[in-house]
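K.L.:
Here's the letter readout for the chains.
Protein chains: 2
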Amino acid sequence: MYEEKTIRTELIFTGNILSLRVDTIELGEGKTATREIVEHGGAVCMVALNNKNQILLVKQFRKPIEKYLLEIPAGRLEEGEDPSIAAVRELREETGYRAEDLKFIGKFYTAPGFTDEIMFAYLAQKLILDPLEPDEDEFVELIEIDKDKVEEMIVAGEIEDGKTIAALNLAMHHISA
Amino acid sequence: MYEEKTIRTELIFTGNILSLRVDTIELGEGKTATREIVEHGGAVCMVALNNKNQILLVKQFRKPIEKYLLEIPAGRLEEGEDPSIAAVRELREETGYRAEDLKFIGKFYTAPGFTDEIMFAYLAQKLILDPLEPDEDEFVELIEIDKDKVEEMIVAGEIEDGKTIAALNLAMHHISA
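Chains as they are written, first to last, in the working numbering: chain A, 249 to 425; chain B, 249 to 425.
The shape of chain A in the complex, shown without the other chains (with noise of 0.2 Å):
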């Protein structure tokens, strides 16, 4: 079976939120490519119904590529953190919501040519206003969409996050119409 055995590897950089390194493989016959490679301590990503049958979008700067995107709130898990755990903790940072009711409903590799991150997904549910102090670091704002609108807005490319898009696929099965 084909695989890609690791001969020789270097660390470039180690960042804040991301290392990259740059692996040596053998490919069989004497022959060796190189693998660049995104190292990303994995996220979560929360489709949050609330009772209108609204889900929960944050409209949020996205520097790589210099404008808003309209996306589920999601976040970074801290390092040893349970994925549920940080769920709850993102929701209510980002939102202001606890929920009753999380579901796990599914998990992703975000960009698998380049990078390991993975994104947990959860079905956020029974929904309860709790919010935090302002973190000074949370620039988002919250928009709440009908469950039907937020599908024609995936549809007429008004949604171009790729978590998003893939986490509302997931949840669909878990959402009765």
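Since the hints were derived computationally from the structure, they do not count as laboratory data.
It is possible that part of the hints are untrue.
Just so you know, same-sequence chains aren't split out, so a pair can sit in one copy or run between any two.
List time: in silico EDC-like cross-link candidates among lysine to aspartate or glutamate, alpha-carbon distance up to 16 Å [said to hold, decoys possible]:
#, residue 1, residue 2
1, Lys-315, Glu-251
2, Lys-355, Glu-406
3, Lys-307, Glu-389
4, Lys-311, Glu-251
5, Lys-253, Glu-392
6, Lys-374, Asp-364
7, Lys-311, Glu-258
8, Lys-253, Glu-314
9, Lys-311, Glu-287
10, Lys-307, Glu-392
11, Lys-300, Glu-327
12, Lys-315, Asp-364
13, Lys-311, Asp-271
14, Lys-311, Glu-274
Position chain B relative to chain A; hints supplied.
P.N.:
Relative to chain A, chain B alone:
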């Protein structure tokens, strides 16, 4: 409106498939922060449906996670390449099929928290087998699976690739049941 003005940018690494830079940004009131940004040239992915209502999947070793994933066919854009041209090329390279009917169904950012990678998604139908000479660098195995079964595999956690889950959400609105 909140924005993140770059006051300094440092190029850390330039590789074959990505570059890494660190931007220092101004947050107001004299405060600064850094953003670690992976630059990527963009990619395409194709939900390819054959005349038996099966979706073409490829099984591919992904070095960053050291395992095989089942994914829809995909590939990186060449510099300046039109995404629809890349979709035709990559579909043929990975599956041996040409699509007589290729439709753009949406685009999304795979991981906008740290990379500018954009993914252009297509629905490919009316497939005609027209294989290339095998490319030594393409180690992918083609698997054709009933459309409904693919959705079941997503729910069951047997498909863990974010772009595949997202693109199937987009495709669903264009495929008749």
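K.L.:
Check Lys-311 against Glu-274 for me: Cα-Cα at most 16 Å, and say if that holds within a copy, between copies, both or neither.
P.N.:
between (36 Å within a copy, 12 Å between copies)
K.L.:
Pop the pair Lys-253 and Glu-392 into one bin, within, between, both or neither, using alpha-carbon distances up to 16 Å.
P.N.:
neither (47 Å within a copy, 28 Å between copies)
K.L.:
Measure nothing new, just compare the shortest in-copy and cross-copy C-alpha distances for Lys-311 and Glu-251 to 16 Å and report within, between, both or neither.
P.N.:
between (35 Å within a copy, 9 Å between copies)
K.L.:
Checking an output row: Lys-307 and Glu-392, CA cutoff 16 Å. Within, between, both or neither?
P.N.:
Answer is within: at 11 Å inside a copy they meet the 16 Å cutoff, but 38 Å across does not.
K.L.:
Go through the copies and call it for Lys-315 and Asp-364: within, between, both or neither, with a Cα cutoff of 16 Å.
P.N.:
between (25 Å within a copy, 11 Å between copies)
K.L.:
Have a look at Lys-300 and Glu-327 and pick one of within, between, both or neither, based on CA distance no larger than 16 Å.
P.N.:
neither (35 Å within a copy, 46 Å between copies)
K.L.:
Between copies, within a copy, both or neither: which fits Lys-315 and Glu-251 at Cα up to 16 Å?
P.N.:
Answer is between: at 9 Å across copies they meet the 16 Å cutoff, but 39 Å inside does not.
K.L.:
How would you classify Lys-253 and Glu-314 at a CA-CA limit of 16 Å: within, between, both, or neither?
P.N.:
between (37 Å within a copy, 9 Å between copies)
K.L.:
Cα distance capped at 16 Å. Does Lys-307 pair with Glu-389 within a copy, between copies, both, or neither?
P.N.:
Cα proximity of Lys-307 and Glu-389: one copy only (5 Å, versus 39 Å across).
K.L.:
If the cut is 16 Å between Cα atoms, do Lys-355 and Glu-406 qualify within a copy, between copies, both or neither?
P.N.:
between (24 Å within a copy, 10 Å between copies)
K.L.:
Quick one: Lys-311 to Glu-258, C-alpha cut-off 16 Å, is that within a copy, between copies, both, or neither?
P.N.:
Between copies only: 15 Å across, 27 Å inside.
K.L.:
Evaluate Lys-311 and Asp-271 at a C-alpha cut-off of 16 Å and name the case that applies: within, between, both or neither.
P.N.:
This pair counts as between: shortest inter-copy Cα distance 9 Å, intra-copy 28 Å.
This entry does not satisfy hints 5, 6, 11, going by the numbered hints stated previously.
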